[in-house]
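Colleague: Work out the full structure: start from the sequences and follow the hints.
2 protein chains.
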Amino acid sequence: MHHILSDALPGMETRYRTNLINSLSGFKSLNLVGTHSSTKQTNLAVFSQVFHIGADPALLGLLVRPHTVPRHTLENIQETGDFTLNHIREEFMLQAHHTSARWEESEFSACHLTPWYSGHLSAPYVAEANVRIGLRLQETTPLACNNTVLLIGSVEEIWLPTGCLLADGFVDLQKAGSLTCSGLDSYHKVYKGMRLSYAKPHALPKVLNQNPL
Amino acid sequence: MHHILSDALPGMETRYRTNLINSLSGFKSLNLVGTHSSTKQTNLAVFSQVFHIGADPALLGLLVRPHTVPRHTLENIQETGDFTLNHIREEFMLQAHHTSARWEESEFSACHLTPWYSGHLSAPYVAEANVRIGLRLQETTPLACNNTVLLIGSVEEIWLPTGCLLADGFVDLQKAGSLTCSGLDSYHKVYKGMRLSYAKPHALPKVLNQNPL
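First to last, the protein sequences are chains A and B.
All residue numbers for the first sequence refer to our numbering, where the first residue is 973 and numbers rise by one.
All residue numbers for the second sequence refer to our numbering, where the first residue is 973 and numbers rise by one.
In case anyone wonders, no lab produced these hints; they're calculated from the structure.
Some hints here could point you the wrong way.
One copy or any two copies: either way a pair holds, since identical chains are not told apart in the list.
Derived pair list, reagent style DSS-like, types lysine-lysine, alpha-carbon separation capped at 27 Å [stated by the list, open to error]:
#	residue 1	residue 2
1	K1178	K1161
2	K1172	K1161
3	K1012	K1172
4	K1147	K1164
5	K1161	K1147
6	K1161	K1012
Just so it is clear, the structure is predicted and the values come from calculations on it, not from any experiment.
Modeller: Listed below in structure tokens is the structure:
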């Protein structure tokens, strides 16, 4: 096995260390975050730092660097109070990745993605996305360790493709075409997956479906 | 499409809402978190709430509920200051899920997983895991919105299987066998994936390898 101690990290070439450390947490969510400024300029940014915070109340978190590329996302959310999550699919993966370039104009027009407005939230959604979630900012927590900012939003509305919301509330993200990513730049489809039964002592969990893992 | 407004969430059956909201962020990381108490009782808990916080300094975050099942994890980390992440693979997926049952004894023995100590960190690793990361607690941030606690740890050591650390620092997690999950209970393998070039304006990113997505 490779064994790397923390002593070795400071001496690594920056890009090498960035690739390495960004791989460690495991596979990540892959969303386009849609916002607009107070002057209605739209913005799109690709994020792998979106996560579940809680189900009741329904909250999702977004970790933002304050002074690098996604700065507009942070400013816009703080100005307008809302933002959208749009799960990235294979069909617009290259355009989604392209939003991470430094654009002067809106990433929607620059990257050929279509803004769409639900009427319930002012922030723009991505029409090409199957799974879309509208959020309203509830809490802004700066992290002392590295000056990133954790934005927590309440779930205001949910759009899901027909046939992907199962009877028990589970959303079949594989069927919806949502991708996952690893590191900074590796995009992956997933297999159908196996759902496991609620775990109880003294009997192994059961596989609840017959999908291949 | 299904359209769900936030007004509908409070009236949902609890398990339905939990399944739904836990699906929204997208695919998640899948780790066993290894800890021990001040009296050396070991503990293992399955977490999908592990995420990248920053590469320099190298930091990972873990979101913990203070008063539910993984309480021992939080107490142990606060007592001893260190913890391990162990990527879950297909070979021990059922045992990993089984750690979420309410056990009196250590989940290592209850779920037939093997503790392993590196000598650099006091917390136990899972010998069955290919990717293992040792962390030391740096910051504890309670989130006002729902009383969860964000624990941020510095990367102290990294163990990776031979052949999975590429020349540019990227870790091939698909080759390492790491799984992803969705919702509360759905485990997925991923396809090999496509790495994309660093995004620049005015030319679509390039696919850097010939893997199927």
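Colleague: Run every hint past the structure and note whether it holds.
Modeller: Hints, verified against the model:
Within a single copy, K1178 and K1161 get their C-alpha atoms as close as 25 Å, and across copies as close as 18 Å, so both meet the 27 Å cut-off. Taking the closest pair of Cα atoms, K1172 and K1161 come within 27 Å of each other only across two copies (24 Å); inside a single copy the shortest separation is 31 Å, beyond that limit. For the homomeric pair K1012 and K1172, the shortest alpha-carbon distance between copies (25 Å) is at most 27 Å, but the shortest distance inside one copy (51 Å) is not. Both within a single protomer and between protomers do K1147 and K1164 lie at most 27 Å apart by alpha-carbon distance, with minima of 8 Å and 18 Å respectively.
For a Cα distance limit of 27 Å, the shortest separation of K1161 from K1147 qualifies both inside one copy, at 11 Å, and across copies, at 14 Å. Proximity of K1161 and K1012 under a CA criterion of 27 Å is satisfied in neither setting, with 34 Å inside one chain copy and 41 Å between copies.
In this structure, the one hint that does not hold is number 6.
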